[in-house]
Amino acid sequence: MLKVTDLTKAFGDRNAVNEVSFHIDKGETYGLLGPNGAGKTTTISMISGLLSADSGAILVGGEPMSTAAVDVRSQIGYVPQEIAIYPELTARENLTFFTRLQGLEKGLVAGRVDEILEIVGLRDRADDPTKEFSGGMQRRLNIGIGLVQGPKLLILDEPTVGVDPQSRNAILDSVEALGNQGMAVLYTTHYMEEAERLCDRIGIMDQGSLITQGTQRELVGTVGERDRVEINVASHAQEVAGLLGAKPFVESATASETAVSVLLSDGGVHLAEMLDGVVASGTSVRGVQIHEPDLEAVFLSLTGKALRD
Amino acid sequence: MKTIMLIASKDIKNRLRDRSFFIMAILAPLVLSFVLSSVGGDAFSGQSFSPDYVLADATAELGDDLVDALASSGIANVSLVASTAEAVAAVDDGRADAAIILDEAFAAGLGDPTSQLTIAVYGNPEASIATSVAEAIAESVASGFSASRLSITAYAALGNIPTPEVIAAASVIEPFVTVTNEVAGGRVLDGVTFLAVGMSIFFLFFSVQNGVVEILEERRDGTFARLLSAPVSRPSVMVGKLTSAAVTGLISMGVLVVATSLLLDANWGPVAGVVGLSVGAVAAAMGLGAVVATFSKNVEQAQQFSGIVGTVLGLLGGSFFPVGQGPAALRVISKLTPHAWVMEGFSGSSGLGRATEAIPAIGVLLAIGLVLGTVAYARRSRLTGVL
Numbered sequence: 001m002l003k004v005t006d007l008t009k010a011f012g013d014r015n016a017v018n019e020v021s022f023h024i025d026k027g028e029t030y031g032l033l034g035p036n037g038a039g040k041t042t043t044i045s046m047i048s049g050l051l052s053a054d055s056g057a058i059l060v061g062g063e064p065m066s067t068a069a070v071d072v073r074s075q076i077g078y079v080p081q082e083i084a085i086y087p088e089l090t091a092r093e094n095l096t097f098f099t100r101l102q103g104l105e106k107g108l109v110a111g112r113v114d115e116i117l118e119i120v121g122l123r124d125r126a127d128d129p130t131k132e133f134s135g136g137m138q139r140r141l142n143i144g145i146g147l148v149q150g151p152k153l154l155i156l157d158e159p160t161v162g163v164d165p166q167s168r169n170a171i172l173d174s175v176e177a178l179g180n181q182g183m184a185v186l187y188t189t190h191y192m193e194e195a196e197r198l199c200d201r202i203g204i205m206d207q208g209s210l211i212t213q214g215t216q217r218e219l220v221g222t223v224g225e226r227d228r229v230e231i232n233v234a235s236h237a238q239e240v241a242g243l244l245g246a247k248p249f250v251e252s253a254t255a256s257e258t259a260v261s262v263l264l265s266d267g268g269v270h271l272a273e274m275l276d277g278v279v280a281s282g283t284s285v286r287g288v289q290i291h292e293p294d295l296e297a298v299f300l301s302l303t304g305k306a307l308r309d
Numbered sequence: 001m002k003t004i005m006l007i008a009s010k011d012i013k014n015r016l017r018d019r020s021f022f023i024m025a026i027l028a029p030l031v032l033s034f035v036l037s038s039v040g041g042d043a044f045s046g047q048s049f050s051p052d053y054v055l056a057d058a059t060a061e062l063g064d065d066l067v068d069a070l071a072s073s074g075i076a077n078v079s080l081v082a083s084t085a086e087a088v089a090a091v092d093d094g095r096a097d098a099a100i101i102l103d104e105a106f107a108a109g110l111g112d113p114t115s116q117l118t119i120a121v122y123g124n125p126e127a128s129i130a131t132s133v134a135e136a137i138a139e140s141v142a143s144g145f146s147a148s149r150l151s152i153t154a155y156a157a158l159g160n161i162p163t164p165e166v167i168a169a170a171s172v173i174e175p176f177v178t179v180t181n182e183v184a185g186g187r188v189l190d191g192v193t194f195l196a197v198g199m200s201i202f203f204l205f206f207s208v209q210n211g212v213v214e215i216l217e218e219r220r221d222g223t224f225a226r227l228l229s230a231p232v233s234r235p236s237v238m239v240g241k242l243t244s245a246a247v248t249g250l251i252s253m254g255v256l257v258v259a260t261s262l263l264l265d266a267n268w269g270p271v272a273g274v275v276g277l278s279v280g281a282v283a284a285a286m287g288l289g290a291v292v293a294t295f296s297k298n299v300e301q302a303q304q305f306s307g308i309v310g311t312v313l314g315l316l317g318g319s320f321f322p323v324g325q326g327p328a329a330l331r332v333i334s335k336l337t338p339h340a341w342v343m344e345g346f347s348g349s350s351g352l353g354r355a356t357e358a359i360p361a362i363g364v365l366l367a368i369g370l371v372l373g374t375v376a377y378a379r380r381s382r383l384t385g386v387l
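Just so you know, the sequences run in chain order G and B. Mapping of the first sequence onto this note's numbering: position 204 corresponds to residue 204, and the numbering continues sequentially without gaps. Mapping of the second sequence onto this note's numbering: position 112 corresponds to residue 112, and the numbering continues sequentially without gaps.
Read the hints as simulated data drawn from the structure, not as lab findings. In this text, all values refer to a predicted model and were calculated from it rather than measured experimentally. Any given hint could turn out to be false.
Claimed, not checked - Below 27 Å or equal to it, Euclidean Cα-Cα: the simulated DSS-like pairs (lysine-lysine) are: (1) B/Lys13 with G/Lys131; (2) B/Lys2 with G/Lys152; (3) G/Lys106 with B/Lys2; (4) B/Lys13 with G/Lys106.
Said to hold, decoys possible - To give an idea of the interface, some chain B residues facing chain G are shown, with a C-beta separation under 8 Å as derived from the structure: (5) Leu6; (6) Asp18; (7) Ser20; (8) Arg226; (9) Ser229; (10) Val232.
Ideal Cβ positions, reconstructed from N, Cα and C, are used throughout, including at glycine.
Using the sequences plus the hints, can you model the full thing?
Have a look at this one:
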């Protein structure tokens, strides 16, 4: 359904997207996972035809996509990161406008709008101005607008940013259901848990490059049996990371403000030694978690830094 | 065209529901026009000077003629009082700006060609201009008497004996108080109309500029990207957005024209002139808004720039006061603003009652819109972010 080949985009001296290639089949949900600034939004802006690529090719349903292409856009449902709705209009008016903009026959618009209202669970509030909606309801409508024309490819750019847990679950359920209905979905996120739950295949981006891609099992397999140990410390996280990183059994150690993430084999075996090292560095331990191999460990392994840095 | 109308109608609906549009485009200009006209609309148009005088006339002959002559000139409101004391009291009480007094001595001396006549003016010190004008009127009356005496003396010097009829004919007051009150060949707005036009145009520019800046808002909010991701051409999206700004501007003008005509009795002139000038003003405002937006980094900056530019141009362009009464430099600078051309157009169209008088101003406004629009088009990527 989507084929991206060597997609490249630079802003001045900075390479925002660098020779990114991937494809998404019909009915497949593909996750672009990466920290903020990794190039995910720039990539999907080019795929949606909003931004021109410096080089590379994008095929949507076999048709080339560019900023000048018009007809091919009807195959894409685009859900931006922002809540892109008109606050003075009702949910029904918003949906009706975007449905008509997609060129649906006039006689079919009202029925389609009702269907979408049902899908996003807003039928009861259909005729209320959306400025009166909660953030979660607005997010649901935001996704609903992306579905109005029944797209073959749905692109969602971090749709759960700033959403409460309940609405987040509802959104993830909806995306899962859409994937199961045969829609190809491109989902960007920097939440590892979302990618693990939703995506058939995952591409990990960092600094504009797609550094790896595959199924979750394949990606986790690349880090072997290594565990990720997260140690919360009272202070000196950077010094602790340096200290632990120097130990022979540690593959990598990175620090955030109050936590140190360590990638190593047999985390449980080396835990006592690591904690001794932390205490010896003059700080105290506030908590310890040992994670089985996951996407966070993959990212840590490939980039030497935590996903949320 | 279908896409353009779809986007424009959505925007218009969205904007008409926005309370700030109603306040900015309708309520504020209407209320300001109403309030300012209530406290003295003529003062804003420069057509205000109409002092109140009282005339004490001991001759019991000249007063009525003088009152009629001054009233017909339109230069002052004059009323007769019974005595000098009453005239002085009227000025002291603030009921009159000045008193012109033809007292008993004046009346007694009228029949004596050798007597020295005195016309007294008693003025309110807080109405110095009105008092000066009263003095000028008195001097004019005195000159009339001097001329009359001179003509009688000359008549007698030629060996004639002045009869009462000759003396009466030489003493007619009317000729020396004839005043015409035409301004620039009639190209002038009455006070209420001046305010209605000025306020409407001042806020129209804000309203239309905001409509253009809305593109930046849509960019910020993500809806613009959503529009562009739809299977429609990019130019049709832009034209749709600009159409809505123009239409809402014209709607607000239409409402204001009707409301000020009905509520304030403003005289906007022929409909064709109003339509032409409104279209010209909207075109200029759209060009201005687009240029301002392309020079702004974000929505907030664009709104600030629009506010500053709109206010400065409105002040210089004579939306609040007639710049024609200002220094020469101000009059020249004023002509660089679209507001001044709108005022100029309405002065001709409404003042003379001919829509054709507005054609030059409409042409200039459309040209301003075209030039600014061209500049904005060249910088369009700053506005849309993606085009």
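Now the hints, each set against the structure:
Between the alpha carbons of B/Lys13 and G/Lys131 the distance comes to roughly 15 Å, so the proposed pair stays at or under 27 Å and holds. Between B/Lys2 and G/Lys152 the alpha-carbon distance is near 25 Å, which keeps this suggested pair within the 27 Å criterion. As the CA atoms of G/Lys106 and B/Lys2 are separated by approximately 12 Å, the hinted pair is consistent with the 27 Å bound. For a cut-off of 27 Å, the pair hint linking B/Lys13 to G/Lys106 stands: about 19 Å separates their Cα positions.
With a cut of 8 Å, the hint placing B/Leu6 at the interface with chain G holds, because the nearest CB-to-CB distance is about 6 Å. Hint status for B/Asp18 relative to chain G: holds, with the closest Cβ pair at about 6 Å, below 8 Å. For B/Ser20, the interface hint is violated, since its Cβ never comes within 8 Å of a Cβ in chain G; the closest pair sits about 11 Å apart. The beta carbon of B/Arg226 comes within 5 Å of a beta carbon in chain G, closer than 8 Å, and the hint placing it at the interface holds.
A hinted interface residue such as B/Ser229 counts as satisfied when its beta carbon comes closer than 8 Å to some beta carbon of chain G; here the least separation is about 4 Å, so the hint holds. Interface restraint check: B/Val232 against chain G, minimum CB-CB distance 6 Å, threshold 8 Å, status holds.
The structure fails to meet hint 7 from the earlier list, while all remaining hints are met.
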